[in-house]
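Q: One line per chain: the protein sequences are A and B, in this order. Here the first sequence is numbered in our numbering, starting from 9 and rising by one per residue. Here the second sequence is numbered in our numbering, starting from 147 and rising by one per residue.
I should point out that these hints are in silico values taken from the structure, not numbers from a laboratory. Where hints are given, some of them may not hold.
[Unchecked claim] List time: in silico SDA-like cross-link candidates among lysine to any residue, alpha-carbon distance up to 25 Å: (1) Lys408(B) to Ser82(A); (2) Lys131(A) to Lys408(B); (3) Lys408(B) to Glu300(B); (4) Lys408(B) to Gly14(A); (5) Lys408(B) to Leu105(A); (6) Lys408(B) to Ile73(A); (7) Lys408(B) to Arg22(A); (8) Lys408(B) to Gly154(B); (9) Lys408(B) to Asp130(A); (10) Lys131(A) to Arg381(B); (11) Lys408(B) to Leu119(A); (12) Lys408(B) to Glu199(A); (13) Lys408(B) to Glu11(A); (14) Lys408(B) to Ser21(A); (15) Lys175(A) to Leu119(A); (16) Lys408(B) to Lys175(A); (17) Lys408(B) to Tyr79(A); (18) Lys175(A) to Val157(B); (19) Lys131(A) to Tyr219(B); (20) Lys175(A) to Pro154(A).
[Unchecked claim] Listing some non-contacts, in silico: residues in chain A with all C-beta distances to chain B over 12 Å: (21) Ala61; (22) Gly84; (23) Ala114; (24) Pro132; (25) Ser137.
Cβ coordinates follow ideal geometry from the N, Cα and C atoms, glycine included.
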Amino acid sequence: MIEFDGVTKRFGSRDVLRGVSLRVERGQVLGLIGPNGAGKTTLIKLLLRLSHATGGDIRVNGQSIAGTDSYRASIGYMPQIARFPDNLTGADLFTMLRDLRASNVAMDRGLIDRLQLGDQMDKPLRVLSGGTRQKINALLALQFSPTLLVLDEPTAGLDPLSSATLKDEILARRSEGATVLITSHIMSELEELCDDVAFLLDGVARFVGPIGALRSITSQGSLERAIASLMIREVA
Amino acid sequence: MSTHATVGKIVRSQARDVLRSRWILVYTAFFLVLTEGVLRFSGSDAMAILSLATATLMIIPLATLILSTIYVYNAREFTELLLAQPIARGELYAGLYLGLALPTVGGFLVGVAAPFVVRGVPTAGGALATLLAVGAALTFAFTAIAFCIALRAEDRLRGVAVALGVWLLVAVVYDGMVLTAVALLSDYPIERPLLALMFANPVDLGRVLLLLKLDASALMGYTGAVFERFIAGSRGVLLASAALAFWIAVPATIGARLFRRKDF
Chain A
9 MIEFDGVTKR FGSRDVLRGV SLRVERGQVL GLIGPNGAGK TTLIKLLLRL SHATGGDIRV
69 NGQSIAGTDS YRASIGYMPQ IARFPDNLTG ADLFTMLRDL RASNVAMDRG LIDRLQLGDQ
129 MDKPLRVLSG GTRQKINALL ALQFSPTLLV LDEPTAGLDP LSSATLKDEI LARRSEGATV
189 LITSHIMSEL EELCDDVAFL LDGVARFVGP IGALRSITSQ GSLERAIASL MIREVA
Chain B
147 MSTHATVGKI VRSQARDVLR SRWILVYTAF FLVLTEGVLR FSGSDAMAIL SLATATLMII
207 PLATLILSTI YVYNAREFTE LLLAQPIARG ELYAGLYLGL ALPTVGGFLV GVAAPFVVRG
267 VPTAGGALAT LLAVGAALTF AFTAIAFCIA LRAEDRLRGV AVALGVWLLV AVVYDGMVLT
327 AVALLSDYPI ERPLLALMFA NPVDLGRVLL LLKLDASALM GYTGAVFERF IAGSRGVLLA
387 SAALAFWIAV PATIGARLFR RKDF
C-alpha cells in the first residue's frame with residue numbers, strides 16, 4: 009500500500025507538486041496521467057527518495073519512508089530512461105542488484121524467455137538496442153519479487169509483442185497482490201491495466217477515481233478524449 | 147548487511163565497468179609509452195623521474211577531472227537505478243567514488259611502474275615511490291573534485307567547462323599568479339603568505355613533495371624554493387603530505403554531502 013499525504017515539492021522558486029494526496033491499495037493499479045511537466049516523475053522520485061519532499065508525508069505499507077532505505081527492498085522500479093554502464097552485461101547487472109539486495113533469487117529464466125532476452129543477457133549493454141535495454145530494465149524491476157511496482161512509462165520504446173508481455177506480467181503481479189503505480193501517455197494501456205487513474209496537472213491531483221467516472225464527468229467516450237477535455241477545461 | 151560489504155559490492159561492479167572501458171586502456175597506455183620513452187632518452191632514473199614528474203603533475207589533474215566528470219554524468223541514470231535499491235546514499239557514494247578512483251589510480255601505477263620494473267631495481271627507488279604516491283593522491287583528490295562538480299552542475303556541458311576551468315586554475319593560472327605577486331610585491335616580506343598559497347593548490351603540494359625528494363630545488367618554482375628555506379627535510383614532507391591528504395578528504399566529504407542531499 010502506498011499513501012501520499014499532502015506531498016509538496018519545490019525546486020528553487022518552482023512549485024512542482026502542490027499538495028498531492030493519493031492512496032494505492034494492495035493489489036491495486038493506479039495510473040498517473042497528466043501532461044509533460046505535471047509532476048508525475050517527480051512524485052515517483054519522491055516515493056523512491058531519489059528526491060526529497062519539501063512537505064507532506066509518504067507511507068509505504070503504513071510506515072513513513074522519511075529517513076529509511078530498507079523499504080525499497082520491496083520495490084521494483086522501472087525508470088523512464090534505460091541507460092546502463094556501457095561495458096556491463098544484463099547478467100552483470102542482475103548479479104550486482106542481487107548482491108546489493110542481499111537476495112539469493114535465481115535469474116527468472118521464464119521471464120527472460122517471455123521477454124525474448126535469452127541471447128542478450130551476456131552482451132555488453134552498449135551494443136543493445138534501446139528497446140532491448142528497456143526490456144532489461146523491465147526484467148530488473150520484476151526480478152526480485154517486488155510487492156510494489158513503480159513503472160515510469162514502462163512500454164515506451166517496446167515492440168508490440170514485448171509490450172503485451174510486459175502488460176501481462178504486470179497484471180499477473182497484481183493478481184498476486186502487488187501494488188502498482190504506473191505512468192503512461194498511452195491511454196489504451198492505462199485502460200487495460202489500471203483500476204484507478206490520478207490526473208495530475210500543475211502539481212495537483214485534479215481527478216482521482218476509476219476510468220469510467222472520468223469518462224462520464226467529461227462525457228467523452230475514450231480516456232484520451234476525456235483527458236484532453238479535462239486539460240482544455242483547466243486551461244480555459 | 148554491513149556497510150563495508152555494500153560499499154565493496156558497488157566498488158566491484160563499478161570498477162568492472164571502468165576496467166572494461168576504452169579510456170582506462172588509453173590512460174594506462176599513455177603512461178606506459180611516456181615512461182618507456184623517458185627512460186630510453188634520459189641518462190639516469192632520477193632524470194627520467196624528474197621528466198615524468200613534470201608531465202604527471204599536468205596530466206593527472208586534467209585527465210582525472212575531465213574523465214571523471216564525464217563518467218559521473220554518463221552514470222546518472224544508472225545511479226538513479228542504484229538509488230532505488232535498498233541501500234543508503236552514503237554507501238552508494240563511497241562505492242561509486244572508490245569504484246572510479248581505484249581503477250584510475252591503478253592505470254597510472256601500472257603505466258609508470260611497469261617500464262621501471264622490467265629494467266630491474268631502479269636506482270632512484272625513493273623518488274619513484276614518491277612519484278607514484280603523489281600521482282595516486284592527486285588522482286583521489288581530483289576524482290573527488292570531479293564528483294563535486296558533476297553533482298553540483300545539472301548541465302553536463304557546464305560541468306565539463308567548470309572541470310576544465312579548475313584544471314587551468316591549479317595547473318596554469320596559479321603559477322602565473324604567484325609569479326605576478328612575487329614581482330609586484332618584491333619589496334615586502336611575502337614568503338609566509340606565499341607558503342600559505344602553496345597549501346591552496348594540491349598540484350603545487352605534489353610538486354614540492356616530488357622535488358624535495360628529487361633534490362632539485364632549482365626546478366621547484368618560487369613557492370617550492372620558499373618552502374625549502376622555511377621547512378626543509380622530513381618535517382616539510384610530512385606537512386605537505388598531510389596537506390595533500392586534506393585535499394582528498396575535504397572534496398570527498400563535500401561530495402558525500404552533495405550526494406546525500408541531491409534531488410535526482
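Q: Hints first: check each against the structure and report whether it holds.
A: Right, here's what the structure says about each hint:
With a C-alpha separation of about 23 Å, the suggested pairing of Lys408(B) with Ser82(A) holds against the 25 Å cut-off. For the suggested pair Lys131(A) and Lys408(B), the alpha carbons sit about 32 Å apart, so the restraint of at most 25 Å is broken. Between Lys408(B) and Glu300(B) the CA atoms are separated by roughly 10 Å; this keeps the pair inside 25 Å, and the hint holds. For the proposed pair Lys408(B) and Gly14(A), the alpha carbon gap of about 22 Å is at most 25 Å, so the pair holds.
For the given pair, Lys408(B) sits about 22 Å from Leu105(A) by alpha-carbon distance, which is consistent with the 25 Å threshold. Simply put, Lys408(B) and Ile73(A) have alpha-carbon atoms about 17 Å apart, close enough for the 25 Å limit, and the pair holds. For the hint pairing Lys408(B) with Arg22(A), the CA-to-CA distance comes to about 17 Å; that is within 25 Å, so the pair holds. Between Lys408(B) and Gly154(B) the CA atoms are separated by roughly 23 Å; this keeps the pair inside 25 Å, and the hint holds.
Only pairs whose Cα atoms come within 25 Å are accepted, and Lys408(B) paired with Asp130(A) is rejected, the gap being roughly 33 Å. For the hint pairing Lys131(A) with Arg381(B), the CA-to-CA distance comes to about 54 Å; that exceeds 25 Å, so the pair is violated. The hinted pair formed by Lys408(B) and Leu119(A) fails the criterion: a straight-line CA distance of about 35 Å is larger than 25 Å. Between Lys408(B) and Glu199(A) the alpha-carbon distance is near 35 Å, which puts this suggested pair outside the 25 Å criterion.
For the hint pairing Lys408(B) with Glu11(A), the CA-to-CA distance comes to about 23 Å; that is within 25 Å, so the pair holds. A hinted pair counts as satisfied when its Cα atoms are at most 25 Å apart, and Lys408(B) with Ser21(A) qualifies at roughly 17 Å. With a C-alpha separation of about 13 Å, the suggested pair Lys175(A) and Leu119(A) falls inside the 25 Å cut-off, and the hint holds. For the hint pairing Lys408(B) with Lys175(A), the CA-to-CA distance comes to about 33 Å; that exceeds 25 Å, so the pair is violated.
Taking the CA atoms of Lys408(B) and Tyr79(A), the gap is near 20 Å; set against the 25 Å cutoff, the hint holds. A threshold of 25 Å between alpha carbons decides the hint, and for Lys175(A) with Val157(B) the separation of about 35 Å lies outside it, so the pair is violated. Among the hinted pairs, Lys131(A) with Tyr219(B) is consistent with the structure: their alpha-carbon atoms are about 23 Å apart, no more than 25 Å. Taking the CA atoms of Lys175(A) and Pro154(A), the gap is near 16 Å; set against the 25 Å cutoff, the hint holds.
A beta-carbon of chain B is positioned within 12 Å of the beta-carbon of Ala61(A); the least distance is around 10 Å. Distance check for Gly84(A) against chain B: the nearest CB is about 9 Å away, which does not clear 12 Å, and the non-interface claim fails. Consistency note on Ala114(A): stated as away from chain B, and its beta-carbon is indeed over 12 Å from all of that chain's, at 18 Å minimum. Residue placement check: Pro132(A) does not keep its beta carbon more than 12 Å from all beta carbons of chain B (closest about 8 Å).
Against chain B, the non-interface label of Ser137(A) holds: every CB pair exceeds 12 Å, the least being about 16 Å.
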